[in-house]
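Chemist: Chain residues, written in single-letter form:
Number of protein chains: 2
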Amino acid sequence: MRKFVSNTASRKLGLLRHLAAASHSRFLSSTPVLDLLSSMPSANPPAAPPLSLDTINPKVLKCEYAVRGEIVTLAQRLQQELLAKPGSHPFDEILYCNIGNPQSLSQLPITFFREVLALCDHPAILDKSETQGLFSADAIERAWQILDQIPGRATGAYSHSQGIKGLRDTIAAGIEARDGFPADPNDIFLTDGASPAVHMMMQLLIRSEKDGILCPIPQYPLYSASIALHGGTLVPYYLDEATGWGLEVSELKKQLDAAKSNGITVRALVVINPGNPTGQVLAEENQRGIVEFCKKEGLVLLADEVYQENVYVPEKTFHSFKKISRSMGYGEKDISLVSFQSVSKGYHGECGKRGGYMEVTGFSPDVMEQIYKVASVNLCSNISGQILASLVMSPPKVGDESYESYCAEKDGILSSLARRAKALEDAFDNLEGVSCNKAEGAMYLFPRIHLPQKAIKAAEALKTAPDAFYCHRLLNATGIVVVPGSGFGQVPGTWHFRCTILPQEDKIPAIVSRLTDFHKGFMDEFRD
Amino acid sequence: MRKFVSNTASRKLGLLRHLAAASHSRFLSSTPVLDLLSSMPSANPPAAPPLSLDTINPKVLKCEYAVRGEIVTLAQRLQQELLAKPGSHPFDEILYCNIGNPQSLSQLPITFFREVLALCDHPAILDKSETQGLFSADAIERAWQILDQIPGRATGAYSHSQGIKGLRDTIAAGIEARDGFPADPNDIFLTDGASPAVHMMMQLLIRSEKDGILCPIPQYPLYSASIALHGGTLVPYYLDEATGWGLEVSELKKQLDAAKSNGITVRALVVINPGNPTGQVLAEENQRGIVEFCKKEGLVLLADEVYQENVYVPEKTFHSFKKISRSMGYGEKDISLVSFQSVSKGYHGECGKRGGYMEVTGFSPDVMEQIYKVASVNLCSNISGQILASLVMSPPKVGDESYESYCAEKDGILSSLARRAKALEDAFDNLEGVSCNKAEGAMYLFPRIHLPQKAIKAAEALKTAPDAFYCHRLLNATGIVVVPGSGFGQVPGTWHFRCTILPQEDKIPAIVSRLTDFHKGFMDEFRD
Chain A
1 MRKFVSNTAS
11 RKLGLLRHLA
21 AASHSRFLSS
31 TPVLDLLSSM
41 PSANPPAAPP
51 LSLDTINPKV
61 LKCEYAVRGE
71 IVTLAQRLQQ
81 ELLAKPGSHP
91 FDEILYCNIG
101 NPQSLSQLPI
111 TFFREVLALC
121 DHPAILDKSE
131 TQGLFSADAI
141 ERAWQILDQI
151 PGRATGAYSH
161 SQGIKGLRDT
171 IAAGIEARDG
181 FPADPNDIFL
191 TDGASPAVHM
201 MMQLLIRSEK
211 DGILCPIPQY
221 PLYSASIALH
231 GGTLVPYYLD
241 EATGWGLEVS
251 ELKKQLDAAK
261 SNGITVRALV
271 VINPGNPTGQ
281 VLAEENQRGI
291 VEFCKKEGLV
301 LLADEVYQEN
311 VYVPEKTFHS
321 FKKISRSMGY
331 GEKDISLVSF
341 QSVSKGYHGE
351 CGKRGGYMEV
361 TGFSPDVMEQ
371 IYKVASVNLC
381 SNISGQILAS
391 LVMSPPKVGD
401 ESYESYCAEK
411 DGILSSLARR
421 AKALEDAFDN
431 LEGVSCNKAE
441 GAMYLFPRIH
451 LPQKAIKAAE
461 ALKTAPDAFY
471 CHRLLNATGI
481 VVVPGSGFGQ
491 VPGTWHFRCT
501 ILPQEDKIPA
511 IVSRLTDFHK
521 GFMDEFRD
Chain B
1 MRKFVSNTAS
11 RKLGLLRHLA
21 AASHSRFLSS
31 TPVLDLLSSM
41 PSANPPAAPP
51 LSLDTINPKV
61 LKCEYAVRGE
71 IVTLAQRLQQ
81 ELLAKPGSHP
91 FDEILYCNIG
101 NPQSLSQLPI
111 TFFREVLALC
121 DHPAILDKSE
131 TQGLFSADAI
141 ERAWQILDQI
151 PGRATGAYSH
161 SQGIKGLRDT
171 IAAGIEARDG
181 FPADPNDIFL
191 TDGASPAVHM
201 MMQLLIRSEK
211 DGILCPIPQY
221 PLYSASIALH
231 GGTLVPYYLD
241 EATGWGLEVS
251 ELKKQLDAAK
261 SNGITVRALV
271 VINPGNPTGQ
281 VLAEENQRGI
291 VEFCKKEGLV
301 LLADEVYQEN
311 VYVPEKTFHS
321 FKKISRSMGY
331 GEKDISLVSF
341 QSVSKGYHGE
351 CGKRGGYMEV
361 TGFSPDVMEQ
371 IYKVASVNLC
381 SNISGQILAS
391 LVMSPPKVGD
401 ESYESYCAEK
411 DGILSSLARR
421 AKALEDAFDN
431 LEGVSCNKAE
441 GAMYLFPRIH
451 LPQKAIKAAE
461 ALKTAPDAFY
471 CHRLLNATGI
481 VVVPGSGFGQ
491 VPGTWHFRCT
501 ILPQEDKIPA
511 IVSRLTDFHK
521 GFMDEFRD
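Here the protein sequences line up with chains A and B, keeping their order.
Under the UniProt record's numbering, the first residue of the first sequence is numbered 1, with each subsequent residue one higher.
Under the UniProt record's numbering, the first residue of the second sequence is numbered 1, with each subsequent residue one higher.
Same shape as in the complex, but just chain A:
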């Protein structure tokens, strides 16, 4: 026992305590204590931990993701404080307007979708009599149809790497019905939400920091984050706030040429339509110009179309880039196009299900094989998400038992979102020094705040961006969480924040009043 008089005595005493506490546990049964001790080094100096910020992958360090950044960490802390000590803040709940997460703000799921998911999760109840009383007839029928599309009806098995073939058939049919042009199930890759699909494409496209991806500014930070993680260069193009976040092909060309002259090979163009965080819906004419540009410049068009169901103004309609390309006569051999879709958005907002797909067209068979291989390394996306993606692209139809209730739920949500967008837009627009474009689509408003110099200086003194300073003050005063514009990118010297349109309708008046009061106080404090 001499060994214990060593400089590692205290660690070993700790061990002894563990041993005493665990002496009857399973793991010690076959191992005498002394053997255990004798296998230990007697005086190993404690090594430095193998990982520090200096030694992790610098691409990880570089990556930023504002939507769940510092402000959300602060919000979570405040929420815990409110829970532990009610009344400790001038508000009694945290209102998360930072993220497009409808069901976290009490939006209910679409009944038909959930019925089918539950039945596919537990098919053993499908032919029980009680099931008829609990589930609608078309949900039961749809569950049988889906199970029949799955080899062995095994919803617990890995599927084909691209997703269950029968579900891809349904999705392809849904795309055809939407676009009026053919869709091939073999072009569809089902994914756990749209994010992994975006990562997959960035991984394929980016070889080094000399490869650039044209991205809108402001952009959804998934793009900046995934480009950073894969070691590429984000080539920004600016949306024109003055024309309702217009996307000008001349700006694309200007930025492409600038990138080229800096030695960057631009490989792809990201377009988010409807826009995130900017909410604009592109006009067809504009989309045709974008397609033409990609074709001419040899760029892959990465079309983020996850908000395709979220359009709130009668004068705008969503058109997929695939439909636009095909309507221009461009087929498989003319343009490389990836369309991203997600079950997290739309009227259903099933974020937690992590379903989505990408439709990959205009790539050569050998490149498609490489995409298939990368998909295979992760085996497959979750089957519930796959099923939900098929339901979203093939909801109940006229004559189905659920059709009316489905339409009522869907229209109720979409029309309420339109009203909420308008109410919040008007409220922002009425604030001193704030201007706010319409949310024609998506789930966000991105108002511009003209901050007084005094506020900008106060922010600088705290080494924080002026819009982040504003958002922190807003959170601390009202419990409302919004994301500073600097997390999305903006024209230098302008300041914005992103606010979802998702708070429940009956809460909007109180939110508007809290916002207005805060803003007035802020301006009074900092007015030049």
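This list has only true hints and no planted wrong ones.
As the list makes no split between identical chains, a pair holds if one copy fits it or if it spans any two.
No farther apart than 25 Å at their CA atoms in a straight line, the calculated lysine to aspartate or glutamate pairs in the DMTMM-like style are these: (1) Lys62 - Glu369; (2) Lys422 - Glu284; (3) Lys59 - Glu369; (4) Lys62 - Glu209.
Bear in mind the hints are in silico, worked out from the structure with no lab data behind them.
Once you have looked at the hints, place chain B on chain A.
Modeler: Relative to the frame of chain A, chain B by itself:
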């Protein structure tokens, strides 16, 4: 209409056909056909597609994933041929023994788990009277408990980036019960299966090809694939087939030193326990040596423990590396350890649910923040998978209504797997020139085939690896899909294949007989 007499006439005629077919569709309603045509370029030469194998990320090209590689593509083709033309092959079904996917081979899910998942998917039925007749009382109670742990009971909302806190509490309690040492829910990251967790750690650790990861050979190709995709170097250490795939610390040290002398910074050690594809279960003494080695050499220990429930021999017990480290007196500050767990394996085999977690211990708070950030970029893992991960770590207990049926289902599966492992192992061992170690755990056998020179030469003539040659012949003759050892790595000059132990028990005799006949014929054909 003069334009149509151009060299792009045929493409435009294709367009005209589209327009005719779609002339009543929504997209044309606001767009006169001639406008559409006039916006087309008149004679743009067709540009080369933006992507080819020469211009994609070479890391993607380099990555290989044998488990779903060429042989599976061939199997899928044969399956389609059988479907289109029954009797076209000397077998009437394809038997997928290439992948640990139990439910694809008719294993049924655990009833209690599926009841809870279905109820969480469709909570609206929880308080209906029919539900009592369809679901067990403890499943209903558990569903309520889980819903109460989810803010707003919203199973359709994004969760915390690490997963729902209440579920992480349950998992941490399960780890504590398993190990007899504390577990912190803040160390747990819920993921869509174990694969994304492994990617996340590789992304964190690998800065360039100068960073190495020590991996067993043979290994599960997720590791070689993710190291290739993230641009690092796989530093192999060989498991000793002669001692039942023994893992020698002296071999680790030898390979580490060799890597160092080649300018590689080795950052982590991957250990798969129970082994995949090799099926061995590590002894405690061996695990202590491995922990000591990582500590001494400053390596992160990446412990793939997804087969922790799959141990089939009475003389071996699974011990987590965390328990081993803690029992040696090593705490948070002594060793950086990541344990991967998945709902895809175990007795439940819920591959399609894509649930899993990693427990990350011994990292500094600022590095943990970086891991959190990377997790946040993908928002969260799917909620059904999160719920299932909590159920797996906290199944029904004595006294619960489902307890007995749960135990019967679990024990039935595990004891059958043990019998199947033994039957297949014996069958392999009886084949001429084949030797096969025990599957002490996991779901695989990895028999060695001593191939005749003539077979090796025949393979070489076809530019294929000799074990791939054998596996292709096996598939074409019997419909049995196994993976060539070359997909996992093996001592040069030795040949193996991986075969799962998952075919249903009543099929095993037929499989053994098909295998035996094939092998005999193969050896007769190629015997030197």
